[in-house]
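Protein chains in written order, with the working numbering: chain A, 1 to 418; chain B, 1 to 418.
Honestly, I wouldn't trust all of these hints.
No copy labels: a pair is met if it fits in one copy or bridges any two.
[To be verified] In silico DSBU-like links for lysine-lysine, alpha-carbon gap of 35 angstroms or less: (1) Lys362 - Lys78; (2) Lys78 - Lys203; (3) Lys209 - Lys158; (4) Lys362 - Lys105; (5) Lys31 - Lys362; (6) Lys203 - Lys362; (7) Lys31 - Lys322; (8) Lys105 - Lys263; (9) Lys235 - Lys362; (10) Lys46 - Lys386; (11) Lys386 - Lys2; (12) Lys362 - Lys158; (13) Lys27 - Lys263.
Quick caveat, the hints were computed from the structure, so don't treat them as lab data.
Number of protein chains: 2
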Amino acid sequence: MKAEIITIGDEILIGQIIDTNSAFISKELNKIGVDIYQITSISDEKQHILNALAEAEKRVDLVIITGGLGPTNDDITKHTLCEYFNDHLVQNIQVLNHVEALFDKYIKSPISEVNRQQALIPSKATVLHNEFGTAPGMWIQQNNTVFVSMPGVPFEMKSIVSNHLIPKLQQEFERPFILHKTILTYGVGESRIAEIIEDWENKLPAFIKLAYLPNLGRVRLRLSARGTDKVLLEKGIATAVEGLSPLIGDIIVGYDHDENIEKVIANILTANNLSLAIAESCTGGKITQAFTRMEGASVYFKGSMIPYATEIKSQILGVDQKIIADESVVSDAVASAMAAQTKKLFNSDFSIATTGNAGPTKGDSDAEIGTVFIAIGTPNGIRCEKFIMSNHRQRTIGKATNKAFEMLLEEIEKHLGK
Amino acid sequence: MKAEIITIGDEILIGQIIDTNSAFISKELNKIGVDIYQITSISDEKQHILNALAEAEKRVDLVIITGGLGPTNDDITKHTLCEYFNDHLVQNIQVLNHVEALFDKYIKSPISEVNRQQALIPSKATVLHNEFGTAPGMWIQQNNTVFVSMPGVPFEMKSIVSNHLIPKLQQEFERPFILHKTILTYGVGESRIAEIIEDWENKLPAFIKLAYLPNLGRVRLRLSARGTDKVLLEKGIATAVEGLSPLIGDIIVGYDHDENIEKVIANILTANNLSLAIAESCTGGKITQAFTRMEGASVYFKGSMIPYATEIKSQILGVDQKIIADESVVSDAVASAMAAQTKKLFNSDFSIATTGNAGPTKGDSDAEIGTVFIAIGTPNGIRCEKFIMSNHRQRTIGKATNKAFEMLLEEIEKHLGK
Numbered sequence: 001m002k003a004e005i006i007t008i009g010d011e012i013l014i015g016q017i018i019d020t021n022s023a024f025i026s027k028e029l030n031k032i033g034v035d036i037y038q039i040t041s042i043s044d045e046k047q048h049i050l051n052a053l054a055e056a057e058k059r060v061d062l063v064i065i066t067g068g069l070g071p072t073n074d075d076i077t078k079h080t081l082c083e084y085f086n087d088h089l090v091q092n093i094q095v096l097n098h099v100e101a102l103f104d105k106y107i108k109s110p111i112s113e114v115n116r117q118q119a120l121i122p123s124k125a126t127v128l129h130n131e132f133g134t135a136p137g138m139w140i141q142q143n144n145t146v147f148v149s150m151p152g153v154p155f156e157m158k159s160i161v162s163n164h165l166i167p168k169l170q171q172e173f174e175r176p177f178i179l180h181k182t183i184l185t186y187g188v189g190e191s192r193i194a195e196i197i198e199d200w201e202n203k204l205p206a207f208i209k210l211a212y213l214p215n216l217g218r219v220r221l222r223l224s225a226r227g228t229d230k231v232l233l234e235k236g237i238a239t240a241v242e243g244l245s246p247l248i249g250d251i252i253v254g255y256d257h258d259e260n261i262e263k264v265i266a267n268i269l270t271a272n273n274l275s276l277a278i279a280e281s282c283t284g285g286k287i288t289q290a291f292t293r294m295e296g297a298s299v300y301f302k303g304s305m306i307p308y309a310t311e312i313k314s315q316i317l318g319v320d321q322k323i324i325a326d327e328s329v330v331s332d333a334v335a336s337a338m339a340a341q342t343k344k345l346f347n348s349d350f351s352i353a354t355t356g357n358a359g360p361t362k363g364d365s366d367a368e369i370g371t372v373f374i375a376i377g378t379p380n381g382i383r384c385e386k387f388i389m390s391n392h393r394q395r396t397i398g399k400a401t402n403k404a405f406e407m408l409l410e411e412i413e414k415h416l417g418k
Numbered sequence: 001m002k003a004e005i006i007t008i009g010d011e012i013l014i015g016q017i018i019d020t021n022s023a024f025i026s027k028e029l030n031k032i033g034v035d036i037y038q039i040t041s042i043s044d045e046k047q048h049i050l051n052a053l054a055e056a057e058k059r060v061d062l063v064i065i066t067g068g069l070g071p072t073n074d075d076i077t078k079h080t081l082c083e084y085f086n087d088h089l090v091q092n093i094q095v096l097n098h099v100e101a102l103f104d105k106y107i108k109s110p111i112s113e114v115n116r117q118q119a120l121i122p123s124k125a126t127v128l129h130n131e132f133g134t135a136p137g138m139w140i141q142q143n144n145t146v147f148v149s150m151p152g153v154p155f156e157m158k159s160i161v162s163n164h165l166i167p168k169l170q171q172e173f174e175r176p177f178i179l180h181k182t183i184l185t186y187g188v189g190e191s192r193i194a195e196i197i198e199d200w201e202n203k204l205p206a207f208i209k210l211a212y213l214p215n216l217g218r219v220r221l222r223l224s225a226r227g228t229d230k231v232l233l234e235k236g237i238a239t240a241v242e243g244l245s246p247l248i249g250d251i252i253v254g255y256d257h258d259e260n261i262e263k264v265i266a267n268i269l270t271a272n273n274l275s276l277a278i279a280e281s282c283t284g285g286k287i288t289q290a291f292t293r294m295e296g297a298s299v300y301f302k303g304s305m306i307p308y309a310t311e312i313k314s315q316i317l318g319v320d321q322k323i324i325a326d327e328s329v330v331s332d333a334v335a336s337a338m339a340a341q342t343k344k345l346f347n348s349d350f351s352i353a354t355t356g357n358a359g360p361t362k363g364d365s366d367a368e369i370g371t372v373f374i375a376i377g378t379p380n381g382i383r384c385e386k387f388i389m390s391n392h393r394q395r396t397i398g399k400a401t402n403k404a405f406e407m408l409l410e411e412i413e414k415h416l417g418k
């Protein structure tokens, strides 16, 4: 079963909003074996919508339309659907009751004529209930294609997809199995990985596809298997993953779909009752934020210092001023001292320290732009490494952050004897 | 001039990544008067790419293609472009030199054959230099349509668009004039603003469109004027903006297009030789990161403490333990003490302090989930406020961050007598 998503609305085409709906719909449909063949974003313009519907009907079995169902004049999806299907609007009493109930409870005012019109739907449509809003989802079948129209408001659309669309698709259509497995790797570039695993890749069975998803020093490898025999797919994926371990096992940090390395670290620290503190100069809070944005951080995370100004590194963090004077503030010695002092001050098992020059101009140091020293404090000592990250400020910060995660995970695993 | 964006890559169609590139490209092209007619996301599959190119060529004058330019097997855009344009790949020596220089500097290894192939481009293509990566942008003109192919890595694509694509489009094509003016407001909701400015909005000339862009306590109002008479548009925008000041002048914090409040604060601090330090508990580094990600932060930013564990607030930051015991760690007294101690420790003119409970579970305090205290330390004292932000962790962190910016800016302006 192939699907196309059509998002309707000028706000996407002028870059005012980022289309997050399509990713959600794609992910959910994918899970039940429906392939998204194409995503098409178009304007609130009748002829454009009609063209897009006709083209999609030729391409796919399922057309998912979002947007243009609001009560104002620029929302024309419903009328355009009537034109496309040679249909007319009729009042749906369940929808009308729901709209009235919503207004009664949250808006505390009687509904106006404009709101009442939300209950008008094409006579050929089956309603998909919208728990959180006034515009219902609509399911219309024509020949061999199903068209589903939903509001563009993300939480309304999500509730319709999860509670009504997915169950109905599962009930009415046979679908193939699709299995994804993502392997998260760190520290080696995409092209080098491709070289190492070339033979392995060439021997993958035809029903498994491999994709590389690189991002600032981390590369995710995604295996996708498709077919009707679920057991065969699972076996194929398992064999493929097994074959990868001897080749790049040392750079694999995790397997699951949405897992990232900071989550892996957080889980290990929590499970082993270990604590972490951080001193970030050039990364300026980015490493810290990656941990604190996840719930449960207070279990293992003691705190951070961001000693941005050079004098703060000695005055508050307690790095010996002589080291800074002798070695410069961007140096192995200063990063190491920061890691040691952080562990001591925060009384933590592990620490991360960064000092560097993210650019675009040189700061209190002559170090080349893009230079970053990363030190990891462990129960057994300090490990420090130097990197030249990039000539782009935010890229350098991002790469240094990812590299710090990678080094910390290595040290934690060493400590735990893994 | 009408454009279509084609994004190539299975990762979008399976919902693994959200397409943020299209919004950036749309926004930038819009600024120079190029309309985005459609955005089409398709798979890494040759026939699909060929079909999409042919359909787009019929619809628009400019086709922007992103993705599929990496060095691995799943990247087939370049070869497919050759097939579409009946062209072949040739080595580009400038690109090869650039790839070698990048490897020499950042990867520290000689380039492999796979990397060398990044310098192969269709003979009909003009290179758009990719400062930050190995895959160049490519510009190919056929009949009356321009095709531009760029890598999908966001910061590489952005640099090509801003530094090479936009200037080339401006040079080679006549476009209508489009003027945008964004008014950044803080602290009042979208619907309330709409009520206040309703009359003003109804009187806007037909060539000016207004859009509301709300986001976690900040609302940007974007005025867009389009036409051929530049002077008329500029006058229209200026008159509209003038009319807004008496209505919502008190919540306007800035005007320029991409300017955000942290940039406004950074500029004022720098210009007035004032300094800032931060203590973040519940916001966990997010406020700090907003400043340090911008270049030039070291001029005004002294540093931060993230005293996540309760004991760190007293041990390192020096908040009186008795205050924490008496008032609880999430309290006006603790936030105020944190702001005062931060100003003192870091010897800064201003400070921000946050303490709260972002959830989803309660921490070292009984405060309701979503409670945040924000304190601003100023040369004249401390101001502290309490908020109940939301029941969603990252939303609470985001709203608290924006509110802290808003309060800090108010205090700085008060101090400067504005």
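Of the numbered hints stated previously, which ones are contradicted by the structure, given in increasing order? 1, 6, 7, 9, 10, 11
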